[in-house]
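**Q** Line by line, the protein sequences are chains S and V. Numbered per my numbering, the first sequence spans residues 1 to 204. Numbered per my numbering, the second sequence spans residues 1 to 596.
Errors might be hidden in some of the hints.
Derived DSSO-like pairs: lysine-lysine, alpha-carbon spacing no greater than 30 Å straight-line [unchecked claim]: (1) V/Lys457 with S/Lys199; (2) V/Lys15 with V/Lys117; (3) S/Lys142 with V/Lys403; (4) V/Lys458 with S/Lys121; (5) V/Lys204 with S/Lys145; (6) S/Lys197 with V/Lys219; (7) V/Lys403 with V/Lys223; (8) S/Lys199 with V/Lys403; (9) S/Lys121 with V/Lys589; (10) S/Lys120 with V/Lys584; (11) S/Lys142 with V/Lys223; (12) V/Lys458 with S/Lys5; (13) S/Lys120 with V/Lys219; (14) V/Lys458 with S/Lys142; (15) V/Lys457 with V/Lys589; (16) S/Lys120 with V/Lys518; (17) S/Lys121 with V/Lys377; (18) V/Lys584 with V/Lys553; (19) V/Lys458 with S/Lys16; (20) S/Lys145 with V/Lys584; (21) V/Lys403 with V/Lys219; (22) V/Lys230 with V/Lys15; (23) V/Lys220 with S/Lys142.
Just so you know, the hints here were simulated from the structure itself, not pulled from any lab data.
Each chain, letter by letter, is given below.
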Amino acid sequence: MVVDKSIFDIFDMVGKHLVRQGLNTSHSGNISIRSGGKIIIKRRTGMLGNLKPEDLVETSLEEEDSGSLIASTELGVHRAIYLQTDAMAVIHAHVPYCVALSLIEDEITCIDAEGFALYKKIPIIDVEIPAGAYYTSIEVPKVLKNYPFVVVRGHGIFAKGMTLEDALQYVTGAEQSAHIRYLTLLTEKPLKRDFSKEKDFSSW
Amino acid sequence: MKGMNNSLLEINLSKQEVNDLPLSDEILNDYIGGRGLGVKLFTDRIAPQVDALSPENVMIFTTGPFGGTSIPTNGRFSLVTKSPLTHGIFYSNSGGFFAPVMKKCGFDGILIEGTLKQPGYILINGDEGATIKDASSIWGLDTEQTLRKLKEVEGDKIHVLSIGPAGENLVKIAAIMNDADRAFGRGGVGAVMGSKKLKAIVVKGGSKKTEVNDPELLKKFVKVAMDKIKVVPITRISLPKMGTAALVNVINTLGMLPINNFQKGYDERAAQVSGEAIEKQILQKDEGCFACPIRCGRMTKAGDMEGKGPEYESVWALGPNLGIYDLITVTQANYLCNKLGIDTISCGGSIACGMELQEKGLLKDNDLKFGNAAILKELVKKIAEKEGIGAELSEGSAYLAKKYGTPDSAIHVKGLELPAYDPRGAVGHALGYATSTRGGCHLTGYLASLEIFAAPKKIDRFTIAGKPDLLALKQNQKATEDSLVICAFAGWALGLDYYARLLRAITGIEYDVMELTKIGERIYTLERLFNLREGIGKEADTLPPRFLNEPLKEGFSKDNVVPLQKMLDQYYYVRGWDENGVPKPDKIKQLGIEFS
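Using the sequences and the hints given, assemble the complete structure.
**A** This is how it looks when you write it as structure tokens:
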């Protein structure tokens with residue numbers, strides 16, 4: 001099955017962006033959309049930064065089919081997200097600063113103005129075996145019901161969106177907030193202004 | 001359920017009986033309030049194939065758990081009834097101040113059935129309950145006169161739903177006016193009220209407060225929501241500054257502002273009736289509904305007349321779609337529609353259809369031609385009075401075009417005239433028109449928000465990939481928003497992720513986006529099942545042929561038609577409906593719907 005050019009173009013754009021920005025390695029990460037009641041997802045081993053039309057696979061939303069044979073290893077997570085949330089697109093990326101902070105914190109607080117206004121906080125979850133779909137497919141959708149993204153400790157981020165571009169903004173935005181927090185932590189100096197202290201989002 | 005009174009006012013006009021109808025937590029959990037509650041009660045109660053203008057039709061006005069709280073834009077409420085224009089289920093939505101007062105009187109809504117022998121009005125008087133009163137002295141008055149007269153009788157601190165002469169005369173495009181200048185506009189709901197000889201519903205007083213489970217949490221979440229409304233440009237600047245007519249220039253630039261009954265998509269003269277023109281030439285002040293920080297309402301003065309509006313859809317329907325670009329005339333025609341109780345969109349759509357018939361030589365009326373502003377106000381009056389050509393126009397465009405042998409000249413879906421976005425310029429939005437349960441409506445899924453306004457993200461307006469999925473999701477979520485009830489314009493800044501948290505603070509029940517979306521799907525599917533029972537199915541899920549076969553010739557939407565069939569097949573599949581658009585038994589079971 002070869003997907004429409006318009007669909008391929010958006011996968012190609014988002015894939016290149018993720019790799020060029022250092023948010024995935026040459027072969028890591030996966031992206032998908034929901035279309036026509038099915039999932040279109042990057043195939044296994046396809047390179048996000050160098051996608052070909054045949055690297056996109058259409059597969060069932062609800063059950064295993066022949067598309068499952070060649071789809072991304074994390075197809076099960078994508079399926080679970082689509083079935084349990086309002087996601088129309090999903091991105092999984094191995095964002096380094098989010099992953100680094102996830103190894104030392106339980107929740108990434110957005111201390112910068114942009115991150116605080118748009119995202120408030122970045123939830124982190126622990127999963128017994130982070131890579132592969134089984135455990136993440138159980139835990140990730142629970143959080144994505146109420147948040148646009150979640151970081152799996154030591155592994156990477158899953159973000160949902162109405163479109164791939166929408167999900168991409170969540171991935172890059174979360175990573176930027178994490179990056180800023182990481183840099184300020186390095187200085188070991190007190191913050192002159194901490195936006196996260198200005199409103200209470202503990203119950204959000 | 002906290003946030004609701006768990007009580008509806010049930011009125012049988014034929015028997016002159018007024019009762020309290022208790023609402024169970026079960027029904028509120030499954031349908032929330034507003035549109036959902038109305039749809040559930042309506043479909044439970046009404047028999048198959050009831051004539052919309054008969055005593056057996058039911059009208060249900062409902063508010064929701066957000067109503068009467070501090071949540072921004074919560075002053076709205078819903079009406080569900082059967083439409084004399086579409087012959088299907090019809091939901092409508094209005095703002096103003098009526099709903100919070102109704103809720104303070106202890107009622108989540110009003111269910112009305114039967115017919116009065118003589119004209120009457122309903123008075124809901126604070127905690128004293130409701131009575132039916134004689135309306136012979138106000139029957140025949142326009143909506144402004146009615147409001148004034150009722151204030152003389154019932155006091156200044158009242159809010160009033162009323163019909164004008166159009167509703168009394170059973171005009172199929174009649175509206176119910178809300179304090180004379182807001183409306184339950186579409187679908188001929190004013191005629192339903194007229195058929196019941198019900199001139200008005202008046203509310204005043206009341207002391208009940210909306211019970212909130214966690215007031216402190218609600219306060220926190222409301223602050224977050226208000227902050228977001230204040231930073232999003234559309235809710236912070238565009239709507240407060242220019243009202244909804246800010247859209248005129250945007251849509252015209254994209255080549256999808258319907259001109260002369262959707263024969264073109266662009267005309268440079270449209271700037272003469274734009275939001276900017278309104279602001280410079282006729283705006284007196286802005287105005288907002290209860291608890292609304294956006295304040296999109298326009299109080300205006302046009303020539304020797306004053307009033308509210310025009311809104312985007314109204315200024316287009318009575319302006320560019322008729323080839324008319326005289327702002328004063330268009331605004332005065334809008335005032336007249338409000339006074340006489342007529343839906344501006346369907347009024348303009350019917351007149352535009354008549355003008356196209358005249359252009360084709362089928363309708364012999366030399367004055368009824370595109371661009372003839374001189375006849376507009378008189379035509380509106382003739383429609384309300386069903387006088388001369390007005391009698392034919394009052395039946396709506398589908399009737400008119402069919403009568404003159406060219407049904408394709410009527411720009412409608414399921415009998416309801418289309419609003420101000422040419423579907424050839426946004427194909428997802430087009431699918432929304434075709435599949436809306438209430439007919440040619442732009443608000444049911446409103447993919448224009450993504451395809452045109454990039455809110456929250458831009459998607460290509462001509463590609464079909466993913467559109468059926470996205471539309472079904474947005475239609476479901478809109479049904480939920482209409483059940484909470486909250487204004488669509490808050491949706492420019494907020495969304496179900498905010499609403500789930502707000503609802504949790506009010507009710508104490510844990511909600512998430514997906515659960516609310518499923519409630520919306522339940523509502524939408526039940527509406528579909530009702531329409532199927534009434535004989536409105538797949539054949540009605542279509543668009544006027546010109547959108548499928550005739551590309552626009554100029555502007556940024558030229559050379560495009562709507563690839564409807566491919567999207568429609570996918571849409572049915574996504575929804576769990578069969579190839580004929582009938583919800584499958586397992587989908588009905590999954591949603592917990594009982595309907596036959």
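**Q** Which of the listed hints are broken here?
**A** 3, 5, 7, 8, 9, 10, 15, 17, 18, 21, 22
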